[in-house]
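The two chains are supplied separately, each in an independent frame; assemble them into the complex guided by the hints.
Protein sequences appear in the order of chains S and H.
1 is the number of the first residue of the first sequence in my numbering; add one for each residue after it.
1 is the number of the first residue of the second sequence in my numbering; add one for each residue after it.
Derived by calculation from the structure, the hints in this document are not laboratory data.
Note that the structure is predicted; figures quoted are calculated from it, not measured.
Quick reminder that beta carbons are idealized off the backbone N, C-alpha and C, glycines included.
A couple of the hints might just be wrong.
[Claimed, not checked] Just the calculated beta-carbon pair ranges, DEER-fashion:
#: 1; chain 1: H; residue 1: His28; chain 2: S; residue 2: Arg303; range: 20 to 30 Å
#: 2; chain 1: H; residue 1: Glu27; chain 2: S; residue 2: Gly290; range: 48 to 58 Å
#: 3; chain 1: S; residue 1: His179; chain 2: H; residue 2: Ala631; range: 45 to 55 Å
#: 4; chain 1: S; residue 1: Arg303; chain 2: H; residue 2: Ala631; range: 16 to 26 Å
[Claimed, not checked] Here are some, though not all, of the chain H residues that point toward chain S, as calculated from beta-carbon distances under 10 Å:
#: 5; residue: Leu407
#: 6; residue: Ile608
#: 7; residue: Glu612
#: 8; residue: Trp613
#: 9; residue: Glu614
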Amino acid sequence: MRPITRQSPLDEILAAADQVILGKSQQTRLALCCLLAKGHLLIEDLPGVGKTTLAHTLARLLGFQFSRVQFTSDMLPADILGVSVFDRDRGDFRFLPGPVFSQVVLADEINRATPKTQSALLEAMEEGQVTTEGETRPLPQPFFVIATQNPSNQIGTFPLPESQLDRFLLRIELGYPDHAAERALLESGGRREQLPTLSARLSASDFAALQQQVAAVHASAAVLDYLQLVVEASRADARLVHGLSPRAALSLLAAARAWAFTAGREMVLPEDVQAVLPAVARHRLQLLSGSHAGAEDIAALIRAIPVL
Amino acid sequence: MVKMVKHLKAVGKPSASPGSLPLLTLEHGAIPWLLAVALATAGPHAAHLPWWLSLLVGGTLLWRAWLWQQRRPLPPRWALVLLVIGSIAAIAWQFGTLLGKDAGVALLVVFMALKPMEMSSRRDALVVVMLGYFLLLTHYLYSQSIPTGAWLLAAIALLTAALIRLHGGAQPVATILRHALLLLAQALPFMLILYLLFPRVAGPLWGLPQDAYSGLSGLSEEMSPGTISRLTLSGAIAFRSRFAGEPPEKSDLYWRGPVFDEYDGHTWRARALPAKAAKQLPVVAGIGAPLAYSSILEAHNRRWLLALDIATRLPPDSALAPTLEALAREPVRVRTQFSFASSIDYRANVIEAPAILQQALALPKEINPRTRALASEWASRPPEKIAAAALAMFRNEDFYYTLRPSLLGPNAMDEFLFDSRRGFCEHYASAFVFLMRAAGVPARVVAGYQGGELNPVDGYLVVRQSDAHAWAEIWLAGQGWVRFDPTAAVAPARIEQGIDAALPAGEPLPMIVRLDSDWLRQLRNRWEAANNTWNQWVLGYNPQRQREVLSRLGWRDPDWRGMSASLAILCGLALLLVTLWTLPRRLAADPVQRAWQKYCAALKRRGIPRAEWEGPLDFAHRVAREKPDLAALTNEAAGYYAELRYGRRASNGQLLRRLQQCVRRLPPRRRKHS
Chain S
1 MRPITRQSPL DEILAAADQV ILGKSQQTRL ALCCLLAKGH LLIEDLPGVG
51 KTTLAHTLAR LLGFQFSRVQ FTSDMLPADI LGVSVFDRDR GDFRFLPGPV
101 FSQVVLADEI NRATPKTQSA LLEAMEEGQV TTEGETRPLP QPFFVIATQN
151 PSNQIGTFPL PESQLDRFLL RIELGYPDHA AERALLESGG RREQLPTLSA
201 RLSASDFAAL QQQVAAVHAS AAVLDYLQLV VEASRADARL VHGLSPRAAL
251 SLLAAARAWA FTAGREMVLP EDVQAVLPAV ARHRLQLLSG SHAGAEDIAA
301 LIRAIPVL
Chain H
1 MVKMVKHLKA VGKPSASPGS LPLLTLEHGA IPWLLAVALA TAGPHAAHLP
51 WWLSLLVGGT LLWRAWLWQQ RRPLPPRWAL VLLVIGSIAA IAWQFGTLLG
101 KDAGVALLVV FMALKPMEMS SRRDALVVVM LGYFLLLTHY LYSQSIPTGA
151 WLLAAIALLT AALIRLHGGA QPVATILRHA LLLLAQALPF MLILYLLFPR
201 VAGPLWGLPQ DAYSGLSGLS EEMSPGTISR LTLSGAIAFR SRFAGEPPEK
251 SDLYWRGPVF DEYDGHTWRA RALPAKAAKQ LPVVAGIGAP LAYSSILEAH
301 NRRWLLALDI ATRLPPDSAL APTLEALARE PVRVRTQFSF ASSIDYRANV
351 IEAPAILQQA LALPKEINPR TRALASEWAS RPPEKIAAAA LAMFRNEDFY
401 YTLRPSLLGP NAMDEFLFDS RRGFCEHYAS AFVFLMRAAG VPARVVAGYQ
451 GGELNPVDGY LVVRQSDAHA WAEIWLAGQG WVRFDPTAAV APARIEQGID
501 AALPAGEPLP MIVRLDSDWL RQLRNRWEAA NNTWNQWVLG YNPQRQREVL
551 SRLGWRDPDW RGMSASLAIL CGLALLLVTL WTLPRRLAAD PVQRAWQKYC
601 AALKRRGIPR AEWEGPLDFA HRVAREKPDL AALTNEAAGY YAELRYGRRA
651 SNGQLLRRLQ QCVRRLPPRR RKHS
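In isolation and in its complexed conformation, chain H is listed as follows (with noise of 0.2 Å):
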């Protein structure tokens, strides 16, 4: 779509009568376009920037409108200049520096918003355009969506219009608008061939600044109370997947993500191994077929690829951990689609280092002292019977699993257990866990996203935010690492339908979530599966694809030599029938403009030119003077010019005739030595 910018100006001529254009004054009919095209390009920029700035851009922008339509001077240009370094500190100031992508969009966004302020002829009106343009692709760097997408190839139409109506003069709103549609409708073709054949590469063209991937939302190396519970307030999607076959139960969907296994009485956090340990390869072993599906992760600037458990079969550049989650090797920083292979009944680490387990039983020590008293109450049965202990208290005891928990103090667990009972998954899962470790049996937290909803219009089993999910693992002998999920004991509805169903009506989950009516449903539905389509068709349309695309149009392993020449000849084909489309048509738009510009050519070459602002007559009276041996023949031309154009015989075809000759009979020009 941005590439369509370029070729716009390939064709058309915009205006009626092509002589009546203003060549230096900016008319004032045209100042709302640039107006329109200020607003367009750096409107949307402003939810993501300061407040002041937006105030900023919306104030000079009515400002200018106000003196557009009294018709009042412009301000002063000191007053410009103080307003430009005002704003370029501000910027500064905000930011900390004039760098990178949002101080530099904030910087291009007061350019545009204070350019309209000295705007008086039509070069200035042009510089306005073609910073719209610029500023248009810089949305691009914050959202890539569809309605992005339709917004800015609604703005380049606006850009368009604008550009009509500065060269082409006064004319109905309608016309213009119809005319640049016309003209985006021409650059269609040309966007779909750079489109399919632009030989594309493998992650982004240039690098984008620092702070490019901040604001990504998604679980963290670190897990406190309200960490889930926060993540779950976001309808957004973390990530899609299909299956190859059907799509196991529900209940069964454990996504994997980061595992946590060191607690200091607040916060879980992953333990960094020692480097004997995290040598080791994990074995997993699969019980049962195994599920293939791809996955298609939205950007988390993490490394964890949420495969769902146990993951068998990886895609390249990832490994499973020692603690069993797949991994890529960079962070995924762009929406990028894996392909696993799982088993839901699994057999994984039966033999375990020895540094996992002895971190496994890792407490802290002298705090939540009722815990401690309850768990060796059950530390001499055997592990498998301690687990079903501490899920049968969850199960039968007055526990209530809600979005709002109490707040706990530095004794959280024996408060969260034994006074307060009211917590969300992660309370229930790091309770489970300490319980554990307290009795003796190895157990960790292992956080991620727990069942996900089928979409029926594109098969995709969608997981959001508000899936985030903590559940817990323990270590038994002969069996490996086994999971338990307390929050399922507490709240089964959570695990078998989904958070929307376990959690009461009141709780702040997300509207996007909680959708009661069908047709709203079905709506959300079918506009994410036309999200995942742009996604995996525009915005996804990497080499890879790129070479499947061609290979189904029969074009078997191209490369980019190959697709560049032809992209160049493709273009140049449809330049050309463009070209001889138009061509007739610009060729008779003023015959006798062409004839006489053909013999003011000749004449140049014969060392005569004509000046730009030289009447026919006048000319010819000079070449009189300057070259008696052309005047008889450049005053025939020039009158017949001057009849043709000015006179009421425009359109006479002998007239013309006469004129085309004239320059035929002009003396050859190398006539030396006569």
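Next up, chain S with everything else stripped away, as it sits in the complex (with noise of 0.2 Å):
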């Protein structure tokens, strides 16, 4: 293979969001993949790790206009999608759009909301549209919803259930920072001070001409062959309650696009496919004992399956 030496934008992105979350490049780059590859973010941490800084990060290194939403237990779907409120002086009523109305959302602790709230926003994410009120009006494009979780053994948490996790492409685990990394954080201070310096490094337009080049990344019979036993050795684990469906199999396949993509390659390699699997597959896969895969549990499907 051909050594990648052109520094190419993502690089640069990828660089500068390291200088800002610390210590977790791995992470930060397979948020930029479900970006590229048209998805919605889960992230999914303790609180206090950083998820909010990353999803801020991203938005503004992409040069997306960006909203946050908090969600809390009395939220009601209006706060999201927007209002109609009687203007006195036009003499009818006019729409106030919500903050889903942005490029990028970032919908911080979505797991506080009552189901309902939860589920304006997730009909936003697939629809690419809000309706209310008997009207339609379409999300600017590109739409990406980065959302947040704690884990929802804490207290005053509604989970989301199996059908709404599956409409989140990737969903990444922070984790604690490292010594070196928590070292680095206590030395310079928050992190958050350095939001407002970032730059967009990206215009719209080339951002969707990425995309469109990752949408045509290589994946070649070979890895489709790779790719389908993958999905189909998932859906005869005795361990699991079901398999991989075939909307999880097209996202690994979209997933795993992006990431050979940043990796500077222009096919998909069963490498790929690896590297992306614990992202698409863990917040889909539920054990019999009712939590969702562990890591561990995707090394072994990984490793149950030779690469010809």
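If you want it as structure tokens, here you go:
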């Protein structure tokens, strides 16, 4: 393979993000892949590990219009989608768009809201449009939701049901920073201060072009064979309640394409499928014990399938 | 045919896209194939299994098919365990054992029926297929006929197709079946080589369990009213004979079976002779040229060989009994061919042992007074006249030949001779012998077959169970034992034309004996001739016939060592040819993968094996960490491989050559003390 020498804008974005979110380059790259593959991202971890910072950083580096919704249990769908108010000057109703009318929506702690409010957002994610009061309004393009979620065993949460988890292309966990990264964090103070200094590295049309290139990354019959084997193995796995759906298979392929693209390749390799599989599969696979599949379950799945 | 099974794997690559094989999962679409396998291999056993077992097999297979169709989960394991234990207990109760042929086959059938109920992985499916191959073999314990062979051949094709479906993924049914048939066709040369050359041993290769010979029909060691007429209801073939010259007249064809000389008022038996009489050899003299012929006897599990009266030359390992029937040393347990010569006109035992003559006069006391009275009227006449008088009575008075005689009481002979006058050959023969003995003439009953039908297709004379017959013999001084057939007096057509002509329509004769339309008869003749060929060339291919065939092929006096050696050589040659034929295609199948595997194998020898699940670039990264001296080359090779296999330039000869060169560019292995 020819080594990649050119410094692509993606590398630049990843490098800049690494400056803000220390020691999490793998997760940052997955998050970027998710956006490149036109998917929505779910970040799940404890409060305070930098979920919001990651979402905000990406939005700024990509030059997207950004809005943030802090979900609470008393929130109503209208708080997200927007409301019509009576304009006395004009004598009719005027629609005040909610925070969802934004290119990147950071839905913070989505599992604190009631299912009704959650589903209002999730429907918007699926349809790319919002229908309120009998009128359908398109959402801006591109439209990404980056939702963060506390582990559902925390008090006062409404865990997202399976069907809605499936709408997130990737789910990542941030985890605690390692020793060196935490020291750097302690020495330099909080990271949020840096956010305003970040500048957009791409124009909207550049990003759209990148997305098109990602979709065109070559997936050979050989790698599709491999991907199907992975999906079929998940369906045959006796420890799992059910296997990966065809939609999950599509997500897996899209994410693997984006991963290959961020590695500077124009073809998908089994390694790409393996790299994105935990983020694609873990929130979609439920063990018979009731919990979601762990990293070691996914690793076992990968080990069971030979790369030919 | 059975041997073909082992050679199916030899050749061919079942799938068009080898990469798409599901490794662990059992595809939903493959399950009907496996159910068909279970049905095809276990189903025909229903003919001889207890009804509840057939019900169980049918029920579970239907249940599984329904679960498949509804996509429902399989029943819980404890339920299956209960079902298995219950079935095994029921089999033990039904057969009284879990060993032996019938119980063993029943167990296998239960396993075949229940295994699909827990079939969730491909491993389970393979178990079903292998069990199917095994279960197929057991059918030969029950039947080795042409339809069985054809059915099993079809079942083997189905099993092969199921394997193809399991390994090859979803394809059109016609494609799968065509592939299976192609594989079977490829196995054909191996089958022929093995068939011709596999060293044959005399007798079965392993002992069959005790119950293997039950259910064979034929004459038995005793005769009571109804014994022969019941046998006549079967159209099954008893034996086939071929004469060297013209076969004699039908009315001369008396095939001798057991001889009965002891009567208890109801049943005729063959008495065990005292030692002295048993040692005495029979003396027979043929008048006129002997007729040479050979008979192929169906297994009947008795020793008598049913030679034509009277046998003058016998096959080896057999002898004439003192009562003149030809006996083999061992019961005839498999279909066997015997060669005889017989004379139709003969003198037998002109000098007879006193013990035998004495027995030929013995009667139970105080029964049948009316018959005794009639006999005592005749007693003063010479023996020939007495016999003639009895025959004249049967001929002239109102006797009736029928398969449906009246029931007889304790004085059976009186009731038959004076009241009912309806009887079958055993009634006439025993009444005749009773009369003779009561009149002081030594006489006995002979059972056997009479007549036979020439099959014009292959020239064999076919003798069926429906030709079973009983006649009488009396001993005349100076002439020895002379045959008298009272049935011929009552119903001459029985002897001259056969039983179908002698019995009026409406008597319960088997259909196959009474074929009125010409083309049906012709069809039957052709089918039976085909069966005969099958018996001789497939089932009867014994060491002797093998030697005949090989010597006809120009190999004089082959021994088992030579045959084994040539067997191995020929099979090796056939394999080599097949390999040479398919190798180029298999090599060309994916040179890229082969080159990469070669490179990985070379690295494995250098102590850094690629894990099976490891992609090329990941592997290259690991090599770079663990063996930096190989990093650059491995990176290059992995790059070429990734490009060739996963990239757009899949068939780039130049890249392929570079990948292949990478193996050669690896540094030599043992570079010590560098």
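Practice task
Find the hints from earlier in the document that the structure breaks and name them by number, from lowest to highest.
Solution key: 2, 3, 5 and 6
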